[in-house]
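Colleague: Read top to bottom, the protein sequences are chains Y and L.
What the first sequence shows, in this note's numbering, is residues 1 to 302, in sequence order.
What the second sequence shows, in this note's numbering, is residues 1 to 302, in sequence order.
These aren't lab readings, by the way, just hints derived from the structure by calculation.
Note that the Cβ used here is the ideal one computed from N, Cα and C, for glycine as well.
Be aware that a few hints might be false.
[To be verified] Selected chain Y positions facing chain L (Cβ under 10 angstroms, derived; list incomplete):
#: 1; residue: 23
#: 2; residue: 25
#: 3; residue: 104
#: 4; residue: 106
#: 5; residue: 107
#: 6; residue: 116
#: 7; residue: 146
#: 8; residue: 190
Protein chains: 2
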Amino acid sequence: MRTSYPTPAALRGALVDAGVLRPTSVDGVVHRSAAWEQVVLGIERHAAAQRVDDARPWTFPPVMPRTDFVRTDYLRSFPDLVGSVAVFAGDDAAHRALLADLDAGGDGAGHLTPGEVMLPSSVCQSLYAAVPTDVPDAGWHEECTGWVFRHEPSPDPARMQAFRMYEFVRVGTAEQAVDHRDGWLDRGLVALRALGLTVRPDAANDPFFGRAGRLLAAHQRDAALKYEVLVDITDTGPTAVASTNYHEDHFGHAFGLRLPDGATAHSACFGFGLDRIALALFATHGTDPTTWPDEVRDALQW
Amino acid sequence: MRTSYPTPAALRGALVDAGVLRPTSVDGVVHRSAAWEQVVLGIERHAAAQRVDDARPWTFPPVMPRTDFVRTDYLRSFPDLVGSVAVFAGDDAAHRALLADLDAGGDGAGHLTPGEVMLPSSVCQSLYAAVPTDVPDAGWHEECTGWVFRHEPSPDPARMQAFRMYEFVRVGTAEQAVDHRDGWLDRGLVALRALGLTVRPDAANDPFFGRAGRLLAAHQRDAALKYEVLVDITDTGPTAVASTNYHEDHFGHAFGLRLPDGATAHSACFGFGLDRIALALFATHGTDPTTWPDEVRDALQW
Numbered sequence: 001m002r003t004s005y006p007t008p009a010a011l012r013g014a015l016v017d018a019g020v021l022r023p024t025s026v027d028g029v030v031h032r033s034a035a036w037e038q039v040v041l042g043i044e045r046h047a048a049a050q051r052v053d054d055a056r057p058w059t060f061p062p063v064m065p066r067t068d069f070v071r072t073d074y075l076r077s078f079p080d081l082v083g084s085v086a087v088f089a090g091d092d093a094a095h096r097a098l099l100a101d102l103d104a105g106g107d108g109a110g111h112l113t114p115g116e117v118m119l120p121s122s123v124c125q126s127l128y129a130a131v132p133t134d135v136p137d138a139g140w141h142e143e144c145t146g147w148v149f150r151h152e153p154s155p156d157p158a159r160m161q162a163f164r165m166y167e168f169v170r171v172g173t174a175e176q177a178v179d180h181r182d183g184w185l186d187r188g189l190v191a192l193r194a195l196g197l198t199v200r201p202d203a204a205n206d207p208f209f210g211r212a213g214r215l216l217a218a219h220q221r222d223a224a225l226k227y228e229v230l231v232d233i234t235d236t237g238p239t240a241v242a243s244t245n246y247h248e249d250h251f252g253h254a255f256g257l258r259l260p261d262g263a264t265a266h267s268a269c270f271g272f273g274l275d276r277i278a279l280a281l282f283a284t285h286g287t288d289p290t291t292w293p294d295e296v297r298d299a300l301q302w
Numbered sequence: 001m002r003t004s005y006p007t008p009a010a011l012r013g014a015l016v017d018a019g020v021l022r023p024t025s026v027d028g029v030v031h032r033s034a035a036w037e038q039v040v041l042g043i044e045r046h047a048a049a050q051r052v053d054d055a056r057p058w059t060f061p062p063v064m065p066r067t068d069f070v071r072t073d074y075l076r077s078f079p080d081l082v083g084s085v086a087v088f089a090g091d092d093a094a095h096r097a098l099l100a101d102l103d104a105g106g107d108g109a110g111h112l113t114p115g116e117v118m119l120p121s122s123v124c125q126s127l128y129a130a131v132p133t134d135v136p137d138a139g140w141h142e143e144c145t146g147w148v149f150r151h152e153p154s155p156d157p158a159r160m161q162a163f164r165m166y167e168f169v170r171v172g173t174a175e176q177a178v179d180h181r182d183g184w185l186d187r188g189l190v191a192l193r194a195l196g197l198t199v200r201p202d203a204a205n206d207p208f209f210g211r212a213g214r215l216l217a218a219h220q221r222d223a224a225l226k227y228e229v230l231v232d233i234t235d236t237g238p239t240a241v242a243s244t245n246y247h248e249d250h251f252g253h254a255f256g257l258r259l260p261d262g263a264t265a266h267s268a269c270f271g272f273g274l275d276r277i278a279l280a281l282f283a284t285h286g287t288d289p290t291t292w293p294d295e296v297r298d299a300l301q302w
């Protein structure tokens, strides 16, 4: 195991110099090379190979209904991270005003109004409105993957504003949800170690916003609702490459998901951070995937 | 060749009933099944197999810098289609106001302000700020793929608000750009026919907005700048599954791309509409890809 790690800037520089990533003018908005994408596809295959049920993944688009997003309470708890989509709903006169703004060097944003969609902060947010509200005894097993957005601009390559997650979700009783979280934490650690990553689990809390958020974060920790899977890749501390969350009945309540006895359903998810895992693999095994250890390449099904 | 086609609603219903697509509460925001995604991956492989240079695809995230988007002039020409990302930039007091709005049944959108990014309307928009501005004699060959957003809510499965494109882009002289457009139109037709689609090319124009837009659309048609690849899948008229555009020096001018002699570079692109092609394949060959003709499955590299 290594005892020293590069700075985030050095890691980013090495990946950009090798043509693996390409920056844009906005921190955390990054173009991915074909090599990076082949790694992401391999991680998806490796993650799918860990499944223990008959679910198959749904791919969600990078926008979701605003009404569903609001029901998740993310706008309350993490307002600083969310992205909301504004659109132009004007007529020819409004268009002339927009053009005048642009002619004057403006960016036109003031001429737009909130549309029907927001950007998901987490893939499973799009799921709870899509599953039938009558949850059977066996519960629901669901897989979902897609792009999410978090507004936290940073030059750290581990903190992208847009990135992909692959989530394994369970909706059912409290016991089913907790079993899902615990089982997937174990399987996720095994799966990530098979990729040559020196990972460890840790209790964690989400970055709830503001003063009100402190209570929510404390509850999450006290009740041990969230665990992250950590790996060391830079000198600024560990990077979470996966996480598992027991939501209690939060989403069940928000989306009216009911068990056969009428009680509100509970839920839990395990999410592989596909771009974070890709980053960890490049940081650990080098910028040229053709030189990675055979056992890693086998796990990625290359 | 078939002489009658389903309504868009019937086509959508068949795909939803077969579990291929899953609607949300917003028209055009659709969940994709694993079967759909395997088709999209196959189309990507088939498209990549048509390349005639040594470019490799960059994958762009579903957001791009606002400054770059504004430079493309899409906000002027297609304001009704764009998506702009708003974020929360407030303090604890602003958070309290946001919470009060949500408590009162509001959606909080009025408490957000424009952020640093927008949603691309076309994948190649993210490209022109990323390539070096000094264009060599040989020009640039680039490939790019990713999710784009167009605000045109519709229950027609051919008109999704979020969808993927795979574009082959040329930056260089006018002649290089026109050759690229013409060569790719020919190759694209051959490639799509190899998937069993009865496609035909047609001159086209983009849906420029408003009164000012009529002139731009007329120029695009008069100068034969844009061709679409059309296929019949519903009874409401042909569906474009690919298009090729010669941009003249529009992007070269906007992004300061210069040829060795100092002249502004021209550009052209050919874009495969990945989700539209997937839809056309399901509409043409049926909702179960395991039953598709062998030659189609071979082309998709299954």
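Colleague: Now look at each hint and say whether the structure bears it out.
Modeller: Here is how each hint holds up against the structure:
1. 23: Holds, because the Cβ-Cβ distance from residue 23 (chain Y) to chain L comes to roughly 9 angstroms (cut-off 10 angstroms).
2. 25: 5 angstroms, holds
3. 104: Constraint on residue 104 (chain Y) not satisfied, violated at 12 angstroms.
4. 106: 9 angstroms, holds
5. 107: Holds - the Cβ of residue 107 (chain Y) comes within 10 angstroms of chain L, reaching about 5 angstroms at its closest.
6. 116: Since chain L brings a Cβ to about 5 angstroms from residue 116 (chain Y), closer than 10 angstroms, the hint holds.
7. 146: 9 angstroms, holds
8. 190: 23 angstroms, violated
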